[in-house]
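A.B. asks: Listed below, chain by chain, are the residues.
There are 2 protein chains.
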Amino acid sequence: MFGIGALRFGRFTLASGRPSSYYLDLRVVPSHPEAYEVEIQAYKSVVKSLGEERFDVVAGIATAGVTVSSVLAFVLKKPMVYVRKEEKGYGLSKLVEGAVRPGWRALVVDDVITDGGSKIPAVEALRKAGCVVSDVVVLVDRLEGGAARLAAAGTKLAAYADVKELADILLERGRLTKGDYEAVVKQVEGAKA
Amino acid sequence: MFGIGALRFGRFTLASGRPSSYYLDLRVVPSHPEAYEVEIQAYKSVVKSLGEERFDVVAGIATAGVTVSSVLAFVLKKPMVYVRKEEKGYGLSKLVEGAVRPGWRALVVDDVITDGGSKIPAVEALRKAGCVVSDVVVLVDRLEGGAARLAAAGTKLAAYADVKELADILLERGRLTKGDYEAVVKQVEGAKA
Numbered sequence: 021m022f023g024i025g026a027l028r029f030g031r032f033t034l035a036s037g038r039p040s041s042y043y044l045d046l047r048v049v050p051s052h053p054e055a056y057e058v059e060i061q062a063y064k065s066v067v068k069s070l071g072e073e074r075f076d077v078v079a080g081i082a083t084a085g086v087t088v089s090s091v092l093a094f095v096l097k098k099p100m101v102y103v104r105k106e107e108k109g110y111g112l113s114k115l116v117e118g119a120v121r122p123g124w125r126a127l128v129v130d131d132v133i134t135d136g137g138s139k140i141p142a143v144e145a146l147r148k149a150g151c152v153v154s155d156v157v158v159l160v161d162r163l164e165g166g167a168a169r170l171a172a173a174g175t176k177l178a179a180y181a182d183v184k185e186l187a188d189i190l191l192e193r194g195r196l197t198k199g200d201y202e203a204v205v206k207q208v209e210g211a212k213a
Numbered sequence: 021m022f023g024i025g026a027l028r029f030g031r032f033t034l035a036s037g038r039p040s041s042y043y044l045d046l047r048v049v050p051s052h053p054e055a056y057e058v059e060i061q062a063y064k065s066v067v068k069s070l071g072e073e074r075f076d077v078v079a080g081i082a083t084a085g086v087t088v089s090s091v092l093a094f095v096l097k098k099p100m101v102y103v104r105k106e107e108k109g110y111g112l113s114k115l116v117e118g119a120v121r122p123g124w125r126a127l128v129v130d131d132v133i134t135d136g137g138s139k140i141p142a143v144e145a146l147r148k149a150g151c152v153v154s155d156v157v158v159l160v161d162r163l164e165g166g167a168a169r170l171a172a173a174g175t176k177l178a179a180y181a182d183v184k185e186l187a188d189i190l191l192e193r194g195r196l197t198k199g200d201y202e203a204v205v206k207q208v209e210g211a212k213a
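Heads up: the sequence lines are chains A and B, in that order. Residue numbering for the first sequence follows this note's numbering, starting at 21 and increasing by one per position. Residue numbering for the second sequence follows this note's numbering, starting at 21 and increasing by one per position.
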């Protein structure tokens, strides 16, 4: 997963406007068929642990989350909808795209969670559309407050891994310099402050 | 495909700003697992007719095209990238998301084509990223000038079906009123004028 340039170091600005010493770009995963397969299997294992039967629909958050939710829904043979960031000005304007049925229990899917800033509007949009939303699944939790923010919104975060676990493994395998490892730790610590 | 509310009649405004007497919303397809399966098989048949070996990467146009390109790339075990409509202001700003390799022959994928207005910028962005783009595949061609516009940009349109063919079948099967059928014909004729 990390031999494909998904993790980079430098100075980045997150969607929230906060700075970050690293950037986790899981959008490159689908460009590597073997990594994509591994990624989908990882999501499947999380869904299995949550209980596949607890969900009626897989809801991806546009756009990165849609590359996951599409395949996940397809292989699980479950309905899929996706949540836009903003309403389009044309066609049938709506935030949730797809044929949502009121009462559907939605599993929200995205690639990464940082502070939860982009997840909350998606959860709210799905609820407004009549869905019951109790769980959000991501591949990686950046450990910057996302889980707490989701909990406050009545949803539970399920992450396949968190960035500290990944950094530990990469450091151990010699795939991360000590300096880059510290950059990740510092970012996580900084979010707690 | 049309028992799921994908085709609606009324007054709509297309992305181009032009009015339309019908709206073809293929975004509902992934909400119906059986229809989604049929849809992907349809795309696969088009790709097969074009020659699967002619393409190195499947490039979806965000966001509807990504629900197709993700699964298509996954089942074909080919790399996938996607093209955004606008650059994000954060993270690693770019129009083409994924690990593009210069020289890759890209197959552009979207759900529908009208006048080609949203396809051309995607083709240009992929070319700017170093891809060779010769073909665009969609499920439905609305017959409003898209093929000609793509041809002018040096690309060839491959559509699984066009809206006139669909309307003919639906009328024959009694799934479309004569009035709705005429609305489709009028829209297509209007685009030629």
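Treat each hint with caution, since some may be false.
[Claimed, not checked] With a Cα cut of at most 25 Å, we get these calculated SDA-like pairs of lysine to any residue:
hint	chain 1	residue 1	chain 2	residue 2
1	A	Lys105	B	Gly37
2	A	Lys105	B	Ile189
3	A	Lys68	B	Gly37
[To be verified] Examples of chain B residues lying across from chain A (beta carbon under 10 Å, computed):
hint	residue
4	Ala82
5	Val86
6	Ala93
7	Val208
Hints in this document: simulated from the structure, not taken from any laboratory. Note that the coordinates shown come from a computational prediction; the quantities given were computed from them, not determined experimentally. Here a beta-carbon is modelled for each residue, glycine too, at the ideal position from N, C-alpha and C.
A.B. asks: Decide, hint by hint, whether the structure agrees.
C.D. replies: Tested hints:
{"no.": "1", "hint": "A:Lys105 <-> B:Gly37", "result": "holds (21 Å)"}
{"no.": "2", "hint": "A:Lys105 <-> B:Ile189", "result": "violated (36 Å)"}
{"no.": "3", "hint": "A:Lys68 <-> B:Gly37", "result": "violated (45 Å)"}
{"no.": "4", "hint": "Ala82", "result": "holds (5 Å)"}
{"no.": "5", "hint": "Val86", "result": "holds (5 Å)"}
{"no.": "6", "hint": "Ala93", "result": "holds (6 Å)"}
{"no.": "7", "hint": "Val208", "result": "violated (18 Å)"}
Going through the hint list in order, the structure does not satisfy hints 2, 3, 7.
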